[in-house]
Amino acid sequence: MNDESPQDRRLRELWQDQKTEGVRMSVAEVQASAGKFQRRIRSRNAREYVAAAVVVAFFGFEFWRAGDMLVRTGFALLIAGLVYVVGQLHARGSSKTIPRDAGLSSYVDFQRRELERQRDALRSVWSWYLAPLVPGMAVLLAAFGLANPGHSKQIWLIIAIEALFFAATFFGIAKLNSAAARKLQKQIDDLEESGRQD
Amino acid sequence: MNVKQIQPMKDAGNIRDRRFEEAVAAFGPALERLARSYEADLDACRDLVQEILISLWKSLEGFDGRCSMRTWVYRVAHNTAASHVNRQMRLKQQTFVGLEDLPEMADKSEGEDAVNQGDVLKRLYQLIEQLKPLDRQVMLAYLEGMDAASTAEITGLSARNVATKIFRIKQVLAQRFQGGFQGRGPRPQGSQQGGSDER
Numbered sequence: 000m001n002d003e004s005p006q007d008r009r010l011r012e013l014w015q016d017q018k019t020e021g022v023r024m025s026v027a028e029v030q031a032s033a034g035k036f037q038r039r040i041r042s043r044n045a046r047e048y049v050a051a052a053v054v055v056a057f058f059g060f061e062f063w064r065a066g067d068m069l070v071r072t073g074f075a076l077l078i079a080g081l082v083y084v085v086g087q088l089h090a091r092g093s094s095k096t097i098p099r100d101a102g103l104s105s106y107v108d109f110q111r112r113e114l115e116r117q118r119d120a121l122r123s124v125w126s127w128y129l130a131p132l133v134p135g136m137a138v139l140l141a142a143f144g145l146a147n148p149g150h151s152k153q154i155w156l157i158i159a160i161e162a163l164f165f166a167a168t169f170f171g172i173a174k175l176n177s178a179a180a181r182k183l184q185k186q187i188d189d190l191e192e193s194g195r196q197d
Numbered sequence: 000m001n002v003k004q005i006q007p008m009k010d011a012g013n014i015r016d017r018r019f020e021e022a023v024a025a026f027g028p029a030l031e032r033l034a035r036s037y038e039a040d041l042d043a044c045r046d047l048v049q050e051i052l053i054s055l056w057k058s059l060e061g062f063d064g065r066c067s068m069r070t071w072v073y074r075v076a077h078n079t080a081a082s083h084v085n086r087q088m089r090l091k092q093q094t095f096v097g098l099e100d101l102p103e104m105a106d107k108s109e110g111e112d113a114v115n116q117g118d119v120l121k122r123l124y125q126l127i128e129q130l131k132p133l134d135r136q137v138m139l140a141y142l143e144g145m146d147a148a149s150t151a152e153i154t155g156l157s158a159r160n161v162a163t164k165i166f167r168i169k170q171v172l173a174q175r176f177q178g179g180f181q182g183r184g185p186r187p188q189g190s191q192q193g194g195s196d197e198r
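Chain order of the listed sequences is B and U. Residues in the first sequence are numbered from 0 upward in steps of one, following numbering that gives the first Met the number 0. Residues in the second sequence are numbered from 0 upward in steps of one, following numbering that gives the first Met the number 0.
Only chain B is shown next, with the shape it has when bound in the complex (with noise of 0.2 Å):
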């Protein structure tokens, strides 16, 4: 940088001769640090599934409980499409360690790589996130409405207001999700933008 004038030069001679506490990490160090990294990120996802399992059991305790046999069918779809929910979570979840080609990629590429993988789990969020619940959902209002046969009118009535509700929450979250996808499509445009070449 030949042009640069003689106060730039002290601001970055200033930068570079700075007092720093010295980078004291050995291999062994780093390689015990990246070990423990690794158990943490394991005791967090452990966590997480631990959650899962509670809601599960309670499922599960439920379909136990259950003598009918479409309540049953509704439990048991529902924490199958619980447990898919959780899966999708996992995969589709924030990456938690950095790649090893981390220094193949440049900033704007690996950045955009992961806006991409962000966008593309919230604009499908109705296949991963909502459609799994539905099935299980269906069946146990369907369930609810055939085991109060006394009061058909207005139970299927308090069924479909119960029913309209979910359809409303669920369409909340996919539009909460879209508009999201959206803006992250904005950030990836922009990256786009800037690493491109005149």
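Just so you know, not all the hints are guaranteed correct.
Unchecked claim - In silico DSS-like links for lysine-lysine, alpha-carbon gap of 30 Å or less: (1) U/169 to B/185; (2) U/131 to B/182; (3) U/169 to U/131; (4) U/121 to U/169; (5) U/121 to B/185; (6) B/35 to U/121; (7) B/174 to U/169; (8) U/131 to B/174; (9) U/131 to B/18.
Unchecked claim - These stretches of chain U come out as covered by chain B in the derived footprint (C-beta under 8 Å, 3 or more residues): (10) 15-26; (11) 119-131; (12) 134-145; (13) 149-156.
What the hints assert, rightly or not - Interface residues of chain B toward chain U, partial, derived using beta-carbon atoms under 8 Å: (14) 11; (15) 13; (16) 14; (17) 15; (18) 24; (19) 87; (20) 90; (21) 99; (22) 101; (23) 104; (24) 108; (25) 194.
Keep in mind the hints are simulated off the structure, nothing from the lab. By construction, the Cβ of each residue, glycine as well, lies at the ideal position given by its N, Cα and C atoms.
Assemble chain U onto chain B, guided by the hints.
Only chain U this time, still in chain B's reference frame:
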């Protein structure tokens, strides 16, 4: 696994360890400055340095010489640090500004004299911490004395964008630090303390 299979793996591990030690010896202080620019809290900064070193050590297994070691080290460091910043952004709802917005923003230390080098560095860090990760990377590359081509290689920005950003960086630094070097050299003619009346 027989002995013949184990030996190349051991050699690969040794090469990686040696590269890591060389990289830390060459770029350790720069990595500390980089981490400090991304994380103001001292303990969190030490954790970030550690995270960068772990990422670097892991990544060096795949280093194949397609780019220089310096580019590799800085890419890993910036990608790790930027991920750290993005996590903080989500947790603390932080927002950052672009270089183009800085001239319009008030200088937090406006009116204060940068009486020594420590003050100048403090103000410099305050300035860097406000920047979006990409602009922060260009600023750091500039302060570390990298040329535009190396900066473009590390960040992925086009050469034109790097040139534009460096031009803005120079403007901002001139505006904010033109009075900040008492005792280290002559102050430019007609300059004002802290450059406050430039805004």
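How the hints compare with the structure:
The straight-line distance between the Cα atoms of residue 169 of chain U and residue 185 of chain B is roughly 28 Å, inside the 30 Å bound, and the hint therefore holds. The straight-line distance between the Cα atoms of residue 131 of chain U and residue 182 of chain B is roughly 16 Å, inside the 30 Å bound, and the hint therefore holds. Distance check on the hinted pair: residue 169 of chain U and residue 131 of chain U sit about 17 Å apart at the alpha-carbon level, within 30 Å; holds. As the CA atoms of residue 121 of chain U and residue 169 of chain U are separated by approximately 18 Å, the hinted pair is consistent with the 30 Å bound.
Taking the CA atoms of residue 121 of chain U and residue 185 of chain B, the gap is about 34 Å. The hint is violated against a cut of 30 Å. Distance restraint check for residue 35 of chain B and residue 121 of chain U: the Cα-Cα separation of roughly 33 Å exceeds the 30 Å cut-off, and the hinted pair is therefore not satisfied. A threshold of 30 Å between alpha carbons decides the hint, and for residue 174 of chain B with residue 169 of chain U the separation of about 43 Å lies outside it, so the pair is violated. Restraint check for residue 131 of chain U and residue 174 of chain B: satisfied, since their Cα atoms lie roughly 28 Å apart, inside the 30 Å limit.
Taken as a hint, the residue 131 of chain U and residue 18 of chain B pair is honoured in the structure, with Cα atoms around 25 Å apart against an allowance of 30 Å. For the region 15-26 of chain U, the stated coverage by chain B is satisfied: 4 residues place a CB nearer than 8 Å to a CB of that chain, which reaches the threshold of 3. Judged by the Cβ-Cβ criterion of 8 Å, the region 119-131 of chain U is covered by chain B as claimed, because 3 of its residues qualify and three suffice. Check result for the region 134-145 of chain U against chain B: holds, 5 residues qualifying (beta carbon to beta carbon below 8 Å, three or more required).
Three residues within the 8 Å Cβ limit are the bar, and the region 149-156 of chain U against chain B gives 5, so the coverage statement holds. Evaluation of the residue 11 of chain B hint against chain U yields a held restraint, the C-beta minimum of about 6 Å falling below 8 Å. Taking 8 Å as the C-beta contact cut-off toward chain U, the hint placing residue 13 of chain B at the interface holds, the least distance being around 6 Å. A distance limit of 8 Å between C-beta atoms decides the matter here; for residue 14 of chain B the minimum to chain U is near 4 Å, and the interface restraint holds.
Proximity of residue 15 of chain B to chain U holds as hinted, the smallest CB-CB distance being about 7 Å (cut-off 8 Å). Taking 8 Å as the C-beta contact cut-off toward chain U, the hint placing residue 24 of chain B at the interface holds, the least distance being around 5 Å. Interface hint status for residue 87 of chain B: violated, as the beta-carbon distance to the closest one in chain U is roughly 20 Å, over 8 Å. Hint status for residue 90 of chain B relative to chain U: violated, with the closest Cβ pair at about 18 Å, above 8 Å.
Evaluation of the residue 99 of chain B hint against chain U yields a held restraint, the C-beta minimum of about 5 Å falling below 8 Å. The restraint placing residue 101 of chain B at the interface with chain U holds, with a minimum CB-CB distance near 5 Å, inside the 8 Å limit. Restraint check, residue 104 of chain B versus chain U: the minimum CB separation of about 7 Å is within 8 Å; hint holds. A distance limit of 8 Å between C-beta atoms decides the matter here; for residue 108 of chain B the minimum to chain U is near 5 Å, and the interface restraint holds.
Look at residue 194 of chain B: its Cβ gets to within about 5 Å of chain U, closer than 8 Å, so that hint holds up.
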